[in-house]
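Number of protein chains: 2
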Amino acid sequence: MKDLESISDVMADIGRRARIASQTLAFASADSKRAALMAAADAVSAHRDEIIAANARDLEFGREKGLSAAMMDRLMLDGSRIESIVEGLRAVAGQDDPVGQVLAEWDRPSGLHISRVRTPLGVIGVIYESRPNVTADAGALCLKSGNAVILRGGSESFHSSQAIYACLVEGLRAAGLPEDAIQLVPTRDRAAVTELLTMTDSVDVIVPRGGKGLVGLVQREARVPVFAHLEGIVHIYLDKAADPQKALDVVLNAKTRRTGICGAAECLLVHEEIAEDLGRSVIEALIDAGVEVHAEGSLAGIDGTTPATETDWGREYLDMVIAARTVPDIDAAIAHIRRYGSNHTDCIVTEDEAAVARFFERLDSAILMHNASTQFADGGEFGMGAEIGIATGKMHARGPVGAEQLTSFKYLVRGNGTVRP
Amino acid sequence: MKDLESISDVMADIGRRARIASQTLAFASADSKRAALMAAADAVSAHRDEIIAANARDLEFGREKGLSAAMMDRLMLDGSRIESIVEGLRAVAGQDDPVGQVLAEWDRPSGLHISRVRTPLGVIGVIYESRPNVTADAGALCLKSGNAVILRGGSESFHSSQAIYACLVEGLRAAGLPEDAIQLVPTRDRAAVTELLTMTDSVDVIVPRGGKGLVGLVQREARVPVFAHLEGIVHIYLDKAADPQKALDVVLNAKTRRTGICGAAECLLVHEEIAEDLGRSVIEALIDAGVEVHAEGSLAGIDGTTPATETDWGREYLDMVIAARTVPDIDAAIAHIRRYGSNHTDCIVTEDEAAVARFFERLDSAILMHNASTQFADGGEFGMGAEIGIATGKMHARGPVGAEQLTSFKYLVRGNGTVRP
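Chains as they are written, first to last, in our numbering: chain A, 197 to 617; chain B, 197 to 617.
Isolated chain A (complex conformation) (with noise of 0.2 Å):
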């Protein structure tokens, strides 16, 4: 499989079967999902040695590669991310089935009675990295939406993804639905990747879960559409009228719980008249708390604080660094995020409803926040059960992708005999 002619046939037939196997699974029975999620949990759970030692070749080669210290994190598999994969499996089994869920129905005055209810997509492409665990997560979620599914997997954890996926495959086999709903991309070169991105006949959606520069590149070169972000340029707004305490924890949290995910604040955004005060004491919170501040006017005068520059602004840092800065009103906070923001997720901490109002309307954010922490902008968090990613364009799927952003819908019209006059 070294030659681009023989991994472009490969994809393609790949494609072709995923698209008959998705006119079956677009009317699978709720039952027949649900089986096959659950007996794939339990193949995880039966063949998790042969899963740890699959997951061991891949952190030999991994160490080999040189890979960094949290990328080796991400590929580890043991006793207890493998339960949590199975408990994953099993929570997408219990949800809800969102197809054929009737969305709304009303009567004409024609005599026509209209539904509109809930269908599948039809192929996704999951493109991710390190995390073998996405394999089940995305495979659980687009067979619970009635999607067929095409996994291509980092080269890291291939053969991790491989043994999940067999699991994967027995589930599918045990409750009788087509082996071909989920399939996994069996070679490592890259050129499988971009096949993929172009296989505009069989594939309706690509969902790339990783870093920047895989975002990036599947949203440049796909020509199908993309549920994805580039980044999580997350801010945080002190209003004048900000409670100190709310201020205190939601920014404490939203900045160090886990500074790696895109909910992780990344800036912010301190009202003038009580930079001073309230500004001074969460910078000082964050420095105590070993967060490096790059701060703007007068926060910039702060002890242990590092001028920012113009570089800061607009900055995905997930680390412990944060970007600061004063703002004369609203309106600047407002101006700042639209400019430097990447619509994913944006905070006001305030106990001013005018202003949360505000806010809200005039910024356009998937997720848009009042005195909360933004490390909540998660599906589970929001109570999907689980996320196959977060989405920042306005098209189709936006914030938390779960099973029910996986569907489209069609219209169902009933008459009995009716003409149009």
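Treat the hints with care, as some may be off.
For chains that are exact copies, the list does not tell them apart, and a pair is met inside one copy or across any two.
Claimed, not checked - Calculated cross-link-like contacts (lysine-lysine; reagent style DSSO-like; alpha-carbon spacing at most 27 Å):
#	residue 1	residue 2
1	K436	K606
2	K436	K408
3	K261	K606
4	K436	K261
5	K261	K408
No wet-lab data here; the hints were simulated from the structure.
For clarity, every value in this text was computed on a predicted model and none was experimentally measured.
Mind docking chain B on chain A? Use the hints.
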């Protein structure tokens, strides 16, 4: 404005102004949008003579250019057509405002209250052919949904569209809304279309309105999402349990009421068990009504039919012509529609509920009908008030596209200093 560079500059400027206007429009009040549409309706009514004079210049240009009678008819405006433009504007004004509607809201155990509210998409580009009324319809629906719009009318209707457009601007001005909310491309040069299709920074969606040539061009060349249907290859399946009278009524209406619209029937599939009786009488009725029937199998034996060839399947005649064939069972009908259909509108005529369920479940057209004329495939008939087009894609908008379908949503999350453990 002859050289490419200046058109590119003109379009970039239009795009920038649309994007800026869209930010204000996104939170314009329902009242101001309603007032703008009512004032625009009054202006069209008041400037009726100027519009008819402008239209006369277009008609003269059309005659010189040798446009077909059908094209000339689409282009022509008279008192009653202007009256229906006025009524259309008032109808859209009277609809509920979709922006800000709460689509769902729920509480989480974390203490968060999450709501999902409708937002405009941003900037819509509309590219259309000869019908000047699209200027008013598309402008009104985009304004209602809080979107800025860039209109690019056909060169044939250049002066008529300008005159109607002037009335829309009068309405915006009267309501104190930004005039850039609705812009009309001020040149007939085709290069403006090419520009519009690739303005990914300033255009969020393109809606083409016109024939297959225009829509195909837009789908091929657009670098932004497109809401459209290329063809309406509409099928009617007469099941063995069809009621004869309903079959006759539905087929005749679906084929002959208007042959040039996308919901007109193009292919009749007849269960072989009823081919000799009901099939024959439906086809004889079609022939009596002046329809040319391209028939296959036993249906080809009916007097007055022409033998069908392979090119008749999947063909959109948009004329008094229909293809007809027998099928051994409902699954063969479904297979034929999957292979040759265009996912627009397809219909089953039967009294057998199990057959309806199978047809509705196993096909994935945007609109599926039972015992109803396919000519009901229309936003107005669906109760949407008006439509900007019909989409057959599965992403975002599907079926008739009204104001509601021109929106996205955002999540608003309220806490009380809530942090994530």
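Each hint tested on the structure:
1. For the identical chains of this complex, K436 and K606 are inter-copy neighbours only, at 25 Å across copies versus 48 Å inside a copy, given an alpha-carbon limit of 27 Å.
2. Proximity of K436 and K408 under a CA criterion of 27 Å is satisfied in neither setting, with 34 Å inside one chain copy and 57 Å between copies.
3. For a Cα distance limit of 27 Å, the shortest separation of K261 from K606 qualifies neither inside one copy, at 49 Å, nor across copies, at 42 Å.
4. In this assembly of identical chains, K436 and K261 lie within 27 Å of each other by CA distance neither inside one copy nor across copies; the values are 51 Å within and 66 Å between.
5. With identical chains, the CA atoms of K261 and K408 are at most 27 Å apart within one copy only, with a shortest distance of 21 Å there and 53 Å across copies.
In the structure shown, a violation is registered for the earlier hints numbered 2, 3, 4, in ascending order.
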